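Quick mapping for you: the protein sequence lines, in order, are chains Z and P.
Just so we're aligned, residue 0 is where the first sequence starts under numbering that gives the first Met the number 0, counting upward by one.
Just so we're aligned, residue 0 is where the second sequence starts under numbering that gives the first Met the number 0, counting upward by one.
Hints listed in this document are in silico derivations from the structure and should not be mistaken for laboratory results.
Here are the in silico distance ranges between beta carbons for each label pair: (1) Z/Leu118 with P/Ser9: 20 to 30 Å; (2) Z/Pro85 with P/Gly69: 53 to 63 Å; (3) Z/Leu216 with P/Asp117: 32 to 42 Å; (4) Z/Arg135 with P/Gly11: 18 to 28 Å; (5) Z/Leu118 with P/Asn5: 29 to 39 Å; (6) P/Ala245 with Z/Arg69: 54 to 64 Å; (7) P/Gln216 with Z/Val58: 34 to 44 Å.
Here are the simulated lysine to aspartate or glutamate pairs, EDC-like style, with alpha carbons at most 20 Å apart: (8) Z/Lys62 with Z/Glu111; (9) P/Lys71 with Z/Glu126; (10) P/Lys128 with P/Glu189; (11) Z/Lys122 with P/Glu50; (12) P/Lys25 with P/Glu4; (13) P/Lys73 with Z/Glu126; (14) P/Lys182 with P/Asp206; (15) P/Lys161 with Z/Glu126; (16) P/Lys17 with P/Glu4; (17) P/Lys161 with P/Glu22; (18) P/Lys161 with P/Asp124; (19) P/Lys119 with P/Glu136.
Over the 12 Å line for every Cβ pair with chain P, so calculated as not near, a few chain Z residues: (20) Arg8; (21) Ile12; (22) Val58; (23) Arg69; (24) Leu80; (25) Pro95; (26) Leu103; (27) Tyr189; (28) Pro191.
Treat the numbers as computed from the prediction; the structure is a model and nothing was measured.
The beta carbon of each residue, even a glycine, is placed where N, CA and C say it ideally should be.
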Amino acid sequence: MVLDERAERIIGILSDSFFPILKAGLYFTVPLTLITFTLGLILAFFTAIARISGIKPLVALAKFYVWIFRGTPLLVQLFILFYGLPSVGITLDPFPAAVLGFTLNKGAYSSEIIRAAILSTPKGQWEAAYSIGMTRAQAMRRIILPQAIRVSVPPLGNSFISLVKDTSLAATITVTEMFQKGQQVAAATYEPLWLYIEVAFIYLMFSTVLSYAQSMLERRFDRSVAK
Amino acid sequence: MIKLENLYKSFGDIDVLKGINLEVEKGKTAVVIGPSGSGKTTLLRCLNLLEIPNQGSITIGEKELQFQSGTKLKPTQMTLFRQQTGMVFQSYNLFPHLTVVENIMEGQVVVLKRSKTDAKKRSLDLLAKVGLSDRAEMYPHQLSGGQQQRVGIARAMAMDPKVLLFDEPTSALDPELVGEVLKVMKDLAEEGMTMVVVTHEMEFARDVADQVIFMDQGVIAEKGTPEEIFTLSTNPRTQQFLNKVAR
Numbered sequence: 000m001v002l003d004e005r006a007e008r009i010i011g012i013l014s015d016s017f018f019p020i021l022k023a024g025l026y027f028t029v030p031l032t033l034i035t036f037t038l039g040l041i042l043a044f045f046t047a048i049a050r051i052s053g054i055k056p057l058v059a060l061a062k063f064y065v066w067i068f069r070g071t072p073l074l075v076q077l078f079i080l081f082y083g084l085p086s087v088g089i090t091l092d093p094f095p096a097a098v099l100g101f102t103l104n105k106g107a108y109s110s111e112i113i114r115a116a117i118l119s120t121p122k123g124q125w126e127a128a129y130s131i132g133m134t135r136a137q138a139m140r141r142i143i144l145p146q147a148i149r150v151s152v153p154p155l156g157n158s159f160i161s162l163v164k165d166t167s168l169a170a171t172i173t174v175t176e177m178f179q180k181g182q183q184v185a186a187a188t189y190e191p192l193w194l195y196i197e198v199a200f201i202y203l204m205f206s207t208v209l210s211y212a213q214s215m216l217e218r219r220f221d222r223s224v225a226k
Numbered sequence: 000m001i002k003l004e005n006l007y008k009s010f011g012d013i014d015v016l017k018g019i020n021l022e023v024e025k026g027k028t029a030v031v032i033g034p035s036g037s038g039k040t041t042l043l044r045c046l047n048l049l050e051i052p053n054q055g056s057i058t059i060g061e062k063e064l065q066f067q068s069g070t071k072l073k074p075t076q077m078t079l080f081r082q083q084t085g086m087v088f089q090s091y092n093l094f095p096h097l098t099v100v101e102n103i104m105e106g107q108v109v110v111l112k113r114s115k116t117d118a119k120k121r122s123l124d125l126l127a128k129v130g131l132s133d134r135a136e137m138y139p140h141q142l143s144g145g146q147q148q149r150v151g152i153a154r155a156m157a158m159d160p161k162v163l164l165f166d167e168p169t170s171a172l173d174p175e176l177v178g179e180v181l182k183v184m185k186d187l188a189e190e191g192m193t194m195v196v197v198t199h200e201m202e203f204a205r206d207v208a209d210q211v212i213f214m215d216q217g218v219i220a221e222k223g224t225p226e227e228i229f230t231l232s233t234n235p236r237t238q239q240f241l242n243k244v245a246r
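Could you build all of it, start to finish, from the sequences and the hints given here?
Rendered as structure tokens:
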């Protein structure tokens, strides 16, 4: 009897909070993920190109950037951007601070994926491109990158899915994304176990959809894979 | 058409080419033979600057390049020089993300700035020539080695090079596929293409070459007509090599 009442209460809380939490996901988690992944990829691409350009200052800059952002915790980076910078007069709103933090962090990690993919393209492909008179830039754009992109889809997909989950860290700098929303409801209802399971479930939904999208993309690129 | 003077190339401490002098006339086929490690492939790769010689000079057509240790060629200079030659690789090196016809169009469109229509027409003509018209829309991995290599030849031809370079074009092929590639090469030679061929196919050298070049330990040990090399040679190194190959 008592158990039934408790179960009813929990079910009530979960169903009341499901859509607000999902909404926080759609309003903050998803945009945050998509924006930072896109910006991070662009940053990663240029970092990778700089890294293999052979131009010393560019190589050094790219290495330094990757070193800093791969070698320090994402949480600490977010805190510096959001809580630290105001003391030198730079105040960022929570959402832009999160975008900046995640972009810089993802850019550093993904640049290594892209760099490895470019370097994994056989040397013979460069030589074939040169032999038909292409410049280095033409060879890169037309021959190497299309192949490198195909190689980098699975690892980039992985890092995309881990980004979805990492965005929960934005809660710590007051972005009201899913996890933050879940925390609020948990605090108000004293049902942390069920609430956080619910939040985990919604994250799982998002990443399942994304994994599916990733495998579709991989299949598309698989079409002309060299055996 | 091709003139090499006193060409040297070393990798670190290892001297691979030790003073190569060579001339190939327009429309002629030079076949380079010799034991592995003799510098044949390096010589060929120097001709389209995939390796940069340390010393000497290379002339192809109207363009002459002089090399000294520390010579840095400008990228545009290298591209223009390379455009005079086409290269066929041992491992084909077709572009796996492009179809057969796109492989042949790529350089025409990107480098020669031909329209896609013109490039496609030329590509299909070349595919017909190498006997692969029905494979135009396939991807390289769907073809046999011999077919891939014929596409490789068509891709090189599409750039209208003055000289075609072949780097052991049949060495990676199953024996039954060698003939189809050699036939295409023989046809090209008969049409008056200037060619430099590095190969282990002695029969091809005997049949097709205008000039046979025997390389050993980084130098040209002997050169001459096929008859002079294969039948009349008294050079002990040449004879030793030919005996080994014949066995």
